[in-house]
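Take a look at the letters that make up each chain.
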Amino acid sequence: MSGFWTLLKRDLLLQVREGGAVGTALGFYLIVVAMMPLGLGPDLNLLSRIAPGVLWIALLLAALLSLPRIFEADDEDGSLEVIATGDLPLELATAAKALAHWISTGIPLALLAPVLGLLLNLELSAYPVLVATMLVGTPAISFLGLVGAALTLRARRGGLLLALLVLPLYIPTLIFGIAAISAATGGPSGFQASFLILGAISLFSLVIGPVAAAAAIRFQTQ
Amino acid sequence: MSGFWTLLKRDLLLQVREGGAVGTALGFYLIVVAMMPLGLGPDLNLLSRIAPGVLWIALLLAALLSLPRIFEADDEDGSLEVIATGDLPLELATAAKALAHWISTGIPLALLAPVLGLLLNLELSAYPVLVATMLVGTPAISFLGLVGAALTLRARRGGLLLALLVLPLYIPTLIFGIAAISAATGGPSGFQASFLILGAISLFSLVIGPVAAAAAIRFQTQ
Amino acid sequence: MTQTNTAPQQSLTQKLANPTRFMQLSGTLMPWLAGAAAALILYALYLAFFVAPEDYQQGQTVKIMFIHVPAAWLGMMGYALIAISSFGYLVFRHPLADVSAKAAAPLGAAFTFLALATGSLWGKPMWGTYWVWDARLTSMLILLFLYFGLMALRSAIDDEALAGKLCAVLGLVGVTILPIIKFSVDWWNTLHQPASVIRMDGPTIHPDLLWPLIVSALGFSLLFFALHMKGMRNEILRRRLRALTMAEVDRARGVSAPAAAE
Amino acid sequence: MRLSVKHLVVDRGARRIVDDLSFAVEAGEALVLVGPNGAGKTTVIRTVAGLIGVAGGSIALEGGDAERELPAQAHYIGHLNALKPSLTVEENLRFWAAYLGGGVVDGAAIDAALLAFDLEPLAMIPAGYLSAGQKRRACLARLIATPRPLWLLDEPTVSLDAASVALLAKQVGQHVAGGGLVLAATHIPLGLASERQLEIGMRSAAA
Amino acid sequence: MRLSVKHLVVDRGARRIVDDLSFAVEAGEALVLVGPNGAGKTTVIRTVAGLIGVAGGSIALEGGDAERELPAQAHYIGHLNALKPSLTVEENLRFWAAYLGGGVVDGAAIDAALLAFDLEPLAMIPAGYLSAGQKRRACLARLIATPRPLWLLDEPTVSLDAASVALLAKQVGQHVAGGGLVLAATHIPLGLASERQLEIGMRSAAA
Ligand code: HEM
Ligand SMILES: Nc1ncnc2c1ncn2[C@@H]1O[C@H](COP(=O)(O)OP(=O)(O)OP(=O)(O)O)[C@@H](O)[C@H]1O
Ligand SMILES: Nc1ncnc2c1ncn2[C@@H]1O[C@H](COP(=O)(O)OP(=O)(O)OP(=O)(O)O)[C@@H](O)[C@H]1O
Ligand SMILES: [Mg+2]
Ligand SMILES: [Mg+2]
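Chains as they are written, first to last, in the numbering used here: chain A, 1 to 222; chain B, 1001 to 1222; chain C, 2001 to 2262; chain D, 3001 to 3207; chain E, 4001 to 4207.
Please note: incorrect hints may appear among the correct ones.
[Claimed, not checked] Dumping the calculated SDA-like pairs for lysine to any residue here, alpha-carbon to alpha-carbon at most 25 Å: (1) C:K2124 - A:T221; (2) C:K2182 - B:L1203; (3) B:K1009 - E:A4123.
[What the hints assert, rightly or not] Distance ranges between label pairs, derived from CB positions: (4) E:E4062 - B:V1131: 32 to 40 Å; (5) B:A1193 - E:A4112: 57 to 65 Å; (6) B:S1125 - C:P2125: 43 to 51 Å.
It is worth saying that the hints were derived from the structure and are not from the lab. Quick reminder that beta carbons are idealized off the backbone N, C-alpha and C, glycines included.
Please put together the full structure from these sequences, using the hints given.
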């Protein structure tokens, strides 16, 4: 297991060393949210009604754009092949990389969401629920995204293809994430149920993501 | 100038040979548009009202995701450096690449838009205007995107950073694109003005894009 | 045919000569600038709180204006400064221009952010909400994004010289697109919203409010330049330190170089 | 210890690249694969490293650690250097030592590795700033930082100058003298005191 | 024709890599840059190819085509092969011939180029399926497909087997015999009949 922490630590160190990775994701999140009123019109009532959806969709897209980097750099410079010759099972190595992605992308995005809620005139009472829901939902984004990143490693047009593969997998997270927030802010009841399902999806992807990703990588080193 | 056509032809050939580039962009476009009702709620009136905005935003994102590939592959395998030693000025070489991007991404996306309009309950009368507007607006997407692709060539976290740089530049195109469609479908008048401004923005980016991109690339071969 | 004039003395040391003069000049200028800024801002605050009348409509909240409006102006001016510096760097290759552009980005972003923050705080009592998608607000937000883009690009590239050049390209592209954004956003809003934009027009400002505003704007401008100068000084010092460390590394390598060459 | 490859068959794409190849490397021996371009040297080394699946035959490290997979007992040096440009040479090396050594980093081994490839003056420089040969040396230092019995070297001398090739030859010699195993592919003589060569034929002619 | 480099100064990052270097290559001459790893060979070649800006001094091709920039009269072969994996060897070659030759492709020259590097059996194979040495040969074929007076070769023999090195030496010999100019950097002798060597020292010691 110590290899797991070594790898996690290095990935986080690289994020810090290569500067601004977190900031870039946050900036993109901010811009996509800001583009929505430009596209959909500035009516505050409308915006506050669709705010949970906009925040979740923009979060998905911001996470999506950072996914290719999970394996790309390690593949290009040959590190991935050396990682594959380590003691650590590849399943755990990929899990470490997904965890690093969640820490460096998922958590900051979830924490930024309330600020963007202001721009969309989201009800103040929704903010704690918003953050909690996103913190519980984002692991699924990282660990399912991991599979996409691994599958498209050697495919040309990585980013686009990755998005195409992964977005459908994200749909349950999206639906229950929005449902949980809407329920908590006076929509139809059932907050607890949505929240639990969201957690279950994340746990499920925690298991299935690394296994599938490791298999995909093994095929591609051939 | 013959180098220009040679390069354009090769880039298009590679798109064909590497199979499905166009298909992937179209698929992503479809998914993002399909996600909107999931996120924003299935109210058809609402959807048809915001349809032009949704179609434009999704188009921007689909184009955005394909931008990194403009220079990436040529940079990784060393082709870009050989291209720089050609007779063709680098400004024209980058213009050829942007043109190839527009032909292989901008045009198909613009042509697909009406089909997706159906999903969003867009008024039928809007369809010809929609396609015309997008065909006139998408060159700006490719040629401004070119600058972002060139600037982030050697930067880590290419895709995300690229998006962060380029999205603000896309905002005028977005606004006038939507304005033109809204105006044509019974919104406030002024279709012609919006349409002409959109064309002007595209022409402007046709000039500024290749020049800035060539400068950025020259700095980076160092 | 590549032709470059022989200029053996146009070396790194020579390039550093200019910054050296800048360091001397700015060193003597800094305290005065900072002092004047502090004095003017204090005077403006005094005017704002003890002299200026309350607005009959806005009450005490009008005092936010004395920070908000200068911040908005300086936020926009910051980008102009970046554009001019970028041009200077790309055309004249003057290293100080790059230092200036680099120092101006976070500063301009900070003032833009200040304008946004004070504006939203003001918006709550005036409009009943922190944010509306009004043209001016939106274009200010986009300006903030342009600043973010510049800073993100710089942070994403190791090689500092390269980062400077690329940021200069982006700075120039951004400035050509900036008026288009401003114009388009203005247009967008009037399309979708009735002319209910809540904003006082310049002429309606009471002279008693105008005078403190001018003093405050002057004070904040001096503050901006003082901070900009400080930022440039820091950056020059940081670059010198880096050059020294690199030289150290080179020297260490030089010692063992013959061993490698054997 | 003994690396024994028996009746190895490897396909890539739809083509049979290696057909019924058998060889063995004893402890204390260096085997160098030679052959023209496209003969299949890279394919064999990557297969032994577990990066390519076998279509037939067997690969085993007899007398090795039964608990661990063969690839986990081998160092694989491929065409790429596996260096992060933003980390310094030493940070790169420490990471690999920790990762490949199961979390334990032996400070003395790191120093020895830096010394072995004359990297001490470069230790604090980000790997992105190195020249081609300097990068290759930083990559090779991995061999020393974590001890593993089997070395798989695919064209290890690429970009190295004569002095650096000699450094590598010395390290390979010491590893072999200490009972290690080396399987290498190269077009340029490694200059080892004792090496056995295995000629791999042009398969495509036969296929 | 004459490539004349005078008092060249080149900086990379903040460091001075080349300091006051002067040399000339006459028509019909091959100059080989030699020196230890990190000496600056790659830097010099890339600078002549116009890929790195000069900090001082001059680079000129005297007697060359005054209408064209120096890089447009030179072939630059760097560490990377500039091949598209999804195009066949011949398609790759044709593209470069068309692009570098200003749109004109001479079919006979393409055939000659394939023949020169023994690529005819591989002509129809996508470049992605080639071994390291085969890729390098496909890259080198560019030299023959479009005639340009100055060849800039940075470690051209990387991954090549002995037979392929001989093919390259023959082509370089013919180019030089026909009045061409060659500037190369390599750690392995190219095996040319006549070559002049220029030793590049460790510049950083002087800086
Ligand atoms: C986040 C919200 C806000 C932003 C981004 C913002 C932005 C700006 C900008 C950019 C300017 C300078 C315009 C120029 O001189 O051309 C400005 C000036 C001004 N703003 Fe705001 N503003 C905001 C909210 C408010 C609010 C709520 C009020 C008061 C109701 C207000 C009152 C003013 C006034 C009085 C001026 C000076 C007008 C003039 O120069 O004629 N602003 N603001
Ligand atoms: N991008 C860079 N930034 C800063 N310094 C660099 C960069 N690339 C190379 N260097 C430094 O420049 C020097 C010369 O590098 P160069 O690649 O020219 O050497 P070389 O002679 O080709 O070596 P090799 O034989 O290893 O290929 C080296 O000391 C290297 O550390
Ligand atoms: N990905 C691939 N798919 C299909 N065939 C491949 C692939 N990679 C290599 N080959 C083929 O396999 C054969 C052996 O390649 P390999 O890389 O093992 O050769 P090598 O002996 O290492 O040659 P070199 O000395 O040039 O490195 C070659 O004929 C090559 O064309
Ligand atoms: Mg090989
Ligand atoms: Mg080199």
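So, going through the hints one by one against the coordinates:
Restraint check: the Cα-Cα separation between C:K2124 and A:T221 comes to about 58 Å, which exceeds 25 Å; the hinted pair is violated. For the hint pairing C:K2182 with B:L1203, the CA-to-CA distance comes to about 19 Å; that is within 25 Å, so the pair holds. For the given pair, B:K1009 sits about 20 Å from E:A4123 by alpha-carbon distance, which is consistent with the 25 Å threshold. Roughly 57 Å separates the CB atoms of E:E4062 and B:V1131, a value that falls outside the hinted 32 to 40 Å.
Evaluation of the 57 to 65 Å hint for B:A1193 and E:A4112 yields a pass: the beta carbon distance comes to about 60 Å. At roughly 44 Å, the beta carbons of B:S1125 and C:P2125 sit within the given window of 43 to 51 Å.
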